[in-house]
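Asker: Now for the letters of each chain:
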Amino acid sequence: MSKLKDNNRLGPETANISIDDSVLVRRCRSGDNAAMERLILKYQNRIYNTIMKICANSHDAAELTQETFVKVIDNLSGFKGKSSFYTWLFRIAVNLTLNHCRRNGKLGFRSLDAENGSDDGRTRQSLGDFLRDSTEPNPADLAQSREMYKLIMKALMKLDDDQRAVVVLRDIEDMDYASIANVLDVELGTVKSRLSRARANLRDILEAFL
Amino acid sequence: MINEQNINEILNAYLDEELTPRQHNEVKRMLDNDEQLALRLKRLRKTKMLIQSMPAAEAPPELLGEVKNALERQTLFEEKSFETTVEPGKTSLMVRKIISAAAMFALVAALLGVIYTIMVPERGSTVFLTETWQESQEPAQQPVAALSEDKGDIFKGRLELVAVDSFQIDAAFNRAAAKHELLERLASDHQADQKKYTLTCSPRSMTALLVDMQNVWGELTSAVFHLDTPGADSDQTVRNILPDQLAGIIAQEDIESMSETASYYAAHNDDSGLKPADVSPDMLTAPKPVLTGREDDHHEQPMATLTIVISPTH
Chain W
1 MSKLKDNNRL
11 GPETANISID
21 DSVLVRRCRS
31 GDNAAMERLI
41 LKYQNRIYNT
51 IMKICANSHD
61 AAELTQETFV
71 KVIDNLSGFK
81 GKSSFYTWLF
91 RIAVNLTLNH
101 CRRNGKLGFR
111 SLDAENGSDD
121 GRTRQSLGDF
131 LRDSTEPNPA
141 DLAQSREMYK
151 LIMKALMKLD
161 DDQRAVVVLR
171 DIEDMDYASI
181 ANVLDVELGT
191 VKSRLSRARA
201 NLRDILEAFL
Chain Y
1 MINEQNINEI
11 LNAYLDEELT
21 PRQHNEVKRM
31 LDNDEQLALR
41 LKRLRKTKML
51 IQSMPAAEAP
61 PELLGEVKNA
71 LERQTLFEEK
81 SFETTVEPGK
91 TSLMVRKIIS
101 AAAMFALVAA
111 LLGVIYTIMV
121 PERGSTVFLT
131 ETWQESQEPA
141 QQPVAALSED
151 KGDIFKGRLE
161 LVAVDSFQID
171 AAFNRAAAKH
181 ELLERLASDH
191 QADQKKYTLT
201 CSPRSMTALL
211 VDMQNVWGEL
221 TSAVFHLDTP
231 GADSDQTVRN
241 ILPDQLAGII
251 AQEDIESMSE
261 TASYYAAHND
271 DSGLKPADVS
281 PDMLTAPKPV
291 LTGREDDHHE
301 QPMATLTIVI
311 SPTH
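Which chain is which? The protein sequence lines are W and Y, in order.
The first sequence begins at 1 in our numbering and counts up one residue at a time.
The second sequence begins at 1 in our numbering and counts up one residue at a time.
In isolation and in its complexed conformation, chain Y is listed as follows (with noise of 0.2 Å):
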């Protein structure tokens, strides 16, 4: 349907050229046959004969010298900001690339430091790596004997806990054992009432069990504590041994250290008369060590061996 719109754009593009021959025919019949229309078109035609009646205007003389001249200033403006940043780009862009490298590097290195923290808190990652590939060799359940043959023992001893509840402390033991992961390297072997068991171990390891132990080390009737001293006559026995003094002898670097510090205790012990029942809690003054990683990272550090053997009361 055409409506009003759709008429006059016919009329202007008829008066424009713009329709086809067919309808440029069928408008002209239609423009013969309908006054009204061809009235509007004439109307049409004489706005626009007034525009095109316009006269023209002409650019300016100088237009294409300025033209010229102002591609001349934007040419020389481009080569002399070519010229004079090229240099310091490049510059700036080399010392991005060199920083960019260098904080990579160091951001690797932070992330290889903390899970080398992470993994190997207190060693050397060849150490751990070897020590690592030597566990993955040996079986579980390897005789502690052998262990401690290997690492040639610096601290030998037996320690002999009697108690009316010998139970409970054997209890006491064996958590401590089972907390810090040591039941691997409890070897047992029980007599009747008896229990006896060999640890093989750290120092540092031994004297954290034995400090967990204090709590029960009142409910002890006799704590005696026998230095395994090579070349010696006899062993070097400390009565009434208490958890630290114990700790103390172990930490000793060398055997004659520890049979020193056994004498001194032993004798302090038989003055004082103290029984382990006297023993309060405060009186237990032996460091508590921290343990970070499992006792099988502890291989190069000297091992010591303690035999214990907790009795009842007779």
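The following block holds chain W by itself, in its conformation from the complex (with noise of 0.2 Å):
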């Protein structure tokens, strides 16, 4: 049986209307395609978003998302409900996005390395000045500069893996703690430590490019 079939389908006036997870997953589950394609519109951007930052390849994260969403529509009838399914979806795309990491080293990090090119030290220096600067510029003025984001990535793409899915957990998808150690499937004193050292480490990494 087609797991897209078309029943039930929601129509243009519900789709601004917040769905709880639960309710879209359950008509997905009885094989409402509209529910399955609210899902991916609801979390596609976030997914895609958070794995980018962890693999830093536009490439690789549109694949890995579409690998995700493809995996939790497949799995979805085993999804028992322990954790919500926004935990849920998340570790299935830590874990692939991960996994690509550890078997491609860091492509990413080279593929950003190869751009650095571009650099004119302005932005390292905006850099030093927001990081020393006791007046606090805005930084989303400053990141909003594409030599300073990828700088930044650069310096996440340093972290280890763990300590950079931790980072973009926390400060990117703003998840908390009890939901970044079901996602990585850790203790929360592991979130805490790793989430303390890479923040310290992040900080090193960034003065170092000054």
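The hints are simulated quantities; they were obtained by calculation from the structure and are not laboratory data.
Predicted, not measured: the structure shown is a model, and the values here were computed from it.
Just to be clear, a hint being listed does not mean it is correct.
As the list claims (entries may be wrong) - With a Cα cut of at most 30 Å, we get these calculated BS3-like pairs of lysine-lysine: (1) W/Lys82 / W/Lys42; (2) Y/Lys42 / W/Lys158; (3) W/Lys154 / Y/Lys42; (4) W/Lys42 / W/Lys80.
Bring the two chains, given one by one in their own frames, into a single complex with the hints.
Answerer: Pasting the structure below:
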């Protein structure tokens, strides 16, 4: 039987209404194609962004995001609901991404290195000002620069995979410690210590760029 | 005790608002009173802000379509795989089951065959079971005469052996009878120094016993055989008979053939003038039968009765 039956399709009038994940999951399990689309649309950007920040390669991130959703839909019948759909989804995504990173080494990091030639030094200066300046300029303005973005990504990619994953989940996905522990299948204390080391290392790496 | 790592973890938890309100207030009070600690927190916050400030990447617009296509392809592949494999799978499973069952039957049959060969070497299982039952019903020391009457003997005869050392012959005879498990089929009637036995058994067992006695045949001074020939005026007598000659007579199918054979040996032995003592082992050519079961297993064969009389030379 096709997984993509088109019954019970959600109409356009319901597209912007927030529907609880458990409802979407239940409808998706029953073969509701529209509910499946809603789940994908709801999380695709967050999943893609998280994967992108861990693997630093847009092509790989797209493939891994697609693989994540295919795997999720395939295994939806086996989802017991012990954790939330959200943490289950992110667990699959992060596991796939970390496995990919381990298989392929620091490919993303090397690609960032290759793009490093356009840095004219002003980006590093701006970064130094931000890190040392007590006036705290708006970091949002700072990171909108493509060069600054690459510099921060380069620093992220210098972290161990596990440390990078915990920083991304906390500071980019804004996930709480308990959810991070659930996604990474580690103890809460491990999340705390890993995050503490990751931020300290990141600070050292960034200062080393200056 | 709070070490450097603990302080960092607490500051990070404070920054991430992961502390309880009470812990949060305590850390806040410490930060208010400790500039160094406050500076560390500020550095951590800036690092966090830098990461958070990174623009979010958006998924490619074609992602949803690609996911749906991948799921469709996967579904089609699974359905096709199911359609193409379900029937061969069933068939091969059935074939495997049949082959397994046939192999099991063959194995059991072979096992039964082996057991049958061990338990019943030369006879049908029905006879074996019947006679095993019969044996259990019969007394262990059944009179030989009764046995011989029931089975309708074909061969009956009397062998008179004379030797200087008759005890040696008697001992050899008893050893041979024991070896072939014929003691139960042996009735004895001794008179003074004369030993008289009546043996009722299958012709084959009797032949085997005679062959075993060939080693002492040279010690005999006389070996005379009388074949009981019902209806005739007198018995057929063979003097200086040899074990293989006696076996040859016993092996005949009917009493007429036995009589003719005995007559032939009688004439031959009289002409040659051989005495038992002149016989060398090379002249004893009777084939040695091989017994694989007890004498009780041969009830259905014609029974032979031989009276053996062992006497000393006077």
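Asker: Of the numbered hints stated previously, which ones are contradicted by the structure, given in increasing order?
Answerer: none
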